[in-house]
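Novice: Below are the chains, spelled out letter by letter.
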Amino acid sequence: MVNKEKIAHAALHLFAEKGIDTTTFEEVARDTGYYVDDIHLAYSDFYQLAQELLDKHFKEIINNLMQLLTVSDSLDHFIQNLVQVIAIDFEQRTEVYKFLLISAHHPTHIMPEVTLIDFGRHALGIYGFDERQAAFLSNCIMGIIVELIRSILNGHLQGKFSDYTEEATDACLALIHHFSSLKKGV
Amino acid sequence: MTLTNKEKIIKTAITLFSEKGINTTTLDDIASTSGVPLEELSKFFPDKVTLITIIGREVYQQNLNKMTEIMLDADSISDGIRGLIKFYLSTYETSPEEFQILLLLGLGEHTPSFLPEFTLTDLCKVFLIAYGLSEDNAVFAANAAIGVVNQTCLNFIHGRLPKPILEYTDQCTAACMAIFSYFTELENVDMNTKKHLPKELFFPDDPSQ
Chain C
209 MVNKEKIAHA ALHLFAEKGI DTTTFEEVAR DTGYYVDDIH LAYSDFYQLA
259 QELLDKHFKE IINNLMQLLT VSDSLDHFIQ NLVQVIAIDF EQRTEVYKFL
309 LISAHHPTHI MPEVTLIDFG RHALGIYGFD ERQAAFLSNC IMGIIVELIR
359 SILNGHLQGK FSDYTEEATD ACLALIHHFS SLKKGV
Chain X
3 MTLTNKEKII KTAITLFSEK GINTTTLDDI ASTSGVPLEE LSKFFPDKVT
53 LITIIGREVY QQNLNKMTEI MLDADSISDG IRGLIKFYLS TYETSPEEFQ
103 ILLLLGLGEH TPSFLPEFTL TDLCKVFLIA YGLSEDNAVF AANAAIGVVN
153 QTCLNFIHGR LPKPILEYTD QCTAACMAIF SYFTELENVD MNTKKHLPKE
203 LFFPDDPSQ
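Note that the protein sequences, when read in sequence, are chains C and X. Heads up: take any position in the first sequence, counting from 1, add 208, and you land on our numbering. Heads up: take any position in the second sequence, counting from 1, add 2, and you land on our numbering.
So that you can see chain C by itself, here it is in the shape it has in the complex (with noise of 0.2 Å):
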């Protein structure tokens, strides 16, 4: 019997190296130590693998980020923590933010069951934006946040997530700010 959890963590490592498509079961094979077939039996292509992946990273962060909601007594405050909280986490494990971006790029849109976005919708939700508002301001915010994390990693960007900290909280609150004085003037 193969440990499905041995071949998640060695097919986690490759998608974010090399993408989905590319990576083969051999490669799985070599890194894990099992054979081709053994891990054929477990999934048969990796999408299947990847979505789960995917569902499970996400419900992780998301539940962490669920948590800033009860311990932030503003709006700012909020925003401040989030991409703090985000910081430390891209740069503990920024193989599984690798992995996620990738994903987000993938052509056949191997979706998460509850994205970020949709984190944040319902969080503006809550501070009092309208549907269609908080969809729109939770795109632009994770915008942000999404492109720092892609601009470290190519290199556009000098420098780690954590030395932006204060510049992305900034971009932040200036959108909630112009997109609250609309709401204000309704």
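Hints are computed from structural coordinates only; laboratory data are not their basis. Being a predicted model, the structure only gives us computed values, none of them experimental.
Computed cross-link-like contacts, DSS-like style, restricted to lysine-lysine with a CA-CA straight-line distance of at most 27 Å:
1) K306(C) with K22(X)
2) K165(X) with K88(X)
3) K264(C) with K22(X)
Once you've looked at the hints, dock chain X against the given chain C.
Specialist: Frame of chain C; chain X shown alone:
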């Protein structure tokens, strides 16, 4: 109008890249879909790296050149960014395939080495610096703004933003301007005076410009 074999290959490659992704499209796929024999295809493009570099970058570069013109003609930062966003989003209407390539290459979908040397973010950065923002803040502000635009495109493609894509032009512009305003206010930079932007700014290494 009959296409030459090379044109057929390029057209097919662009379609397949956007349908299946750059990673999964093989030279074999392109040969069989375009009807051009693999041996002939290999004469033009010996391997996939060459193919992506030539085709992908050409698509990217053409679109980027048009966006650069828009930036050069802009009367203010908001005018420039609105023009850029409108153009970017409208490529979806004119050619969804090119739009996807623009997005995928810009996101560095394949590997970082396929990122064009000069990206949309760089264009935006140079533009902000020309208006007087410091390099440090311009780098981050451009990154954040293009993040907003890219994320909007990605969500649109994934079906999570339901309206026709061009209807997000105003919202994206407002979001980018909120980010820019924050940084320009920090530095007391006037965003509204028209600046004369020299062409060399955007094409520093290109002798033809």
